[in-house]
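> Sequence:
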Amino acid sequence: MHWYVYLLAYIFTRIIYVQSLGKAASNFKDETKGTIILQVLAGSFALLFIPFFSWRYSTNIGDYVFILLACVLYAATDMLTTLAYKHLDPATNDIIAQTSTIFLIFYGLVLFHEKITLFQTLGALLIIGANILLGYAKRKQTPTSVKWIILALISRFSFATAITIDVEISKHFNLPLYIAITLFIPALMLILAKGYKLSSLPTELRTRNIQHILTNSLFWTFMIITGILSLQTYKVTIVAPLRATTTLINALIVALIFKQRASWQAKIIASLLVILGMFLLFV
Numbered sequence: 017m018h019w020y021v022y023l024l025a026y027i028f029t030r031i032i033y034v035q036s037l038g039k040a041a042s043n044f045k046d047e048t049k050g051t052i053i054l055q056v057l058a059g060s061f062a063l064l065f066i067p068f069f070s071w072r073y074s075t076n077i078g079d080y081v082f083i084l085l086a087c088v089l090y091a092a093t094d095m096l097t098t099l100a101y102k103h104l105d106p107a108t109n110d111i112i113a114q115t116s117t118i119f120l121i122f123y124g125l126v127l128f129h130e131k132i133t134l135f136q137t138l139g140a141l142l143i144i145g146a147n148i149l150l151g152y153a154k155r156k157q158t159p160t161s162v163k164w165i166i167l168a169l170i171s172r173f174s175f176a177t178a179i180t181i182d183v184e185i186s187k188h189f190n191l192p193l194y195i196a197i198t199l200f201i202p203a204l205m206l207i208l209a210k211g212y213k214l215s216s217l218p219t220e221l222r223t224r225n226i227q228h229i230l231t232n233s234l235f236w237t238f239m240i241i242t243g244i245l246s247l248q249t250y251k252v253t254i255v256a257p258l259r260a261t262t263t264l265i266n267a268l269i270v271a272l273i274f275k276q277r278a279s280w281q282a283k284i285i286a287s288l289l290v291i292l293g294m295f296l297l298f299v
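Just so we're on the same page, our numbering is the position in the sequence shown counted from 1, plus 16.
If you're looking for bench data, these hints aren't it; they were derived computationally from the structure. Predicted, not measured: the structure shown is a model, and the values here were computed from it. We put the beta carbon where it would ideally sit given N, CA and C, even for glycine. Be careful, since some hints might not be right.
Taking CB as the label site, the calculated pair distances span [said to hold, decoys possible]: (1) Phe135 - Leu221: 46 to 54 Å; (2) Trp71 - Leu127: 22 to 30 Å; (3) Met17 - Phe122: 26 to 34 Å; (4) Arg72 - Val126: 21 to 29 Å; (5) Val81 - Met17: 28 to 36 Å.
Below are the PhoX-like pairs computed for lysine-lysine, each with C-alpha atoms no more than 25 Å apart in a straight line [said to hold, decoys possible]: (6) Lys102 - Lys213; (7) Lys163 - Lys45; (8) Lys131 - Lys39; (9) Lys39 - Lys187; (10) Lys163 - Lys102; (11) Lys210 - Lys163; (12) Lys102 - Lys210; (13) Lys131 - Lys187; (14) Lys39 - Lys210; (15) Lys45 - Lys210; (16) Lys102 - Lys45.
Construct the complete structure from the given sequences, taking the supplied hints into account.
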């Protein structure tokens, strides 16, 4: 299957993932327990897709060391992301999320030795800049804690590093099984770190929140699968900025559905910047 099919699927699933995560996280009394529940459910959904991918596993011990490292990074990412979505407004999160694109492009250049032209560099910067402009225009005029911003930035670095490991190491495994492992192990790490009893976790599964939790977990699974495949089948330095267009698309969809006319000028300018950026990426 072509890389752009995976990319389009990733964009679609991420839009739903972001919307459902905000709703689910806002209802969690204990963010860590909520994160664990989302990880376990998403990992369980991933197991259902094992038969649809070729069965393989690595015999290289080094691959398992990298998996463990990725799990540690994902445990930090998932916990910090849930905290960020609870304590920062969506616009601020959108701005900070763009840093993961910058980290991914850096890894593509340094680790995968990909070449990027001046036009492609400008295109990537335009797409990232468009999303920052959009987030800045719709941000809430309230003081934002520096602590949460720093933690959100750390989560983006952890995510970019972990996904870079995934792109290479997951090639040696059945992909859904690999994804399940990198969800279950971080969940176990958080349980042990917090000293939770398993019987205490269902307290976060309140009736009013179960729909958002299940939706987020399912589309999180889809998002990870399609996200990894899109990065594996084409250049990271090109796919990473294109993945960032989800912020603008999500904002436009919400504006159309809920008829939000605020920040329309910024949305139009951001749309034009993204279109120009996408053109430059393929010049």
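> If a hint holds in the structure, say so; if it does not, say that too.
To see whether the hints hold, each was checked on the structure:
no. : hint                        : in the structure
1   : Phe135 - Leu221: 46 to 54 Å : holds, 49 Å
2   : Trp71 - Leu127: 22 to 30 Å  : holds, 27 Å
3   : Met17 - Phe122: 26 to 34 Å  : holds, 27 Å
4   : Arg72 - Val126: 21 to 29 Å  : holds, 28 Å
5   : Val81 - Met17: 28 to 36 Å   : holds, 31 Å
6   : Lys102 - Lys213             : holds, 24 Å
7   : Lys163 - Lys45              : holds, 20 Å
8   : Lys131 - Lys39              : violated, 40 Å
9   : Lys39 - Lys187              : violated, 33 Å
10  : Lys163 - Lys102             : holds, 13 Å
11  : Lys210 - Lys163             : holds, 21 Å
12  : Lys102 - Lys210             : holds, 19 Å
13  : Lys131 - Lys187             : holds, 22 Å
14  : Lys39 - Lys210              : holds, 24 Å
15  : Lys45 - Lys210              : holds, 15 Å
16  : Lys102 - Lys45              : holds, 10 Å
Comparing the model with each numbered hint stated earlier shows that hints 8 and 9 do not hold.
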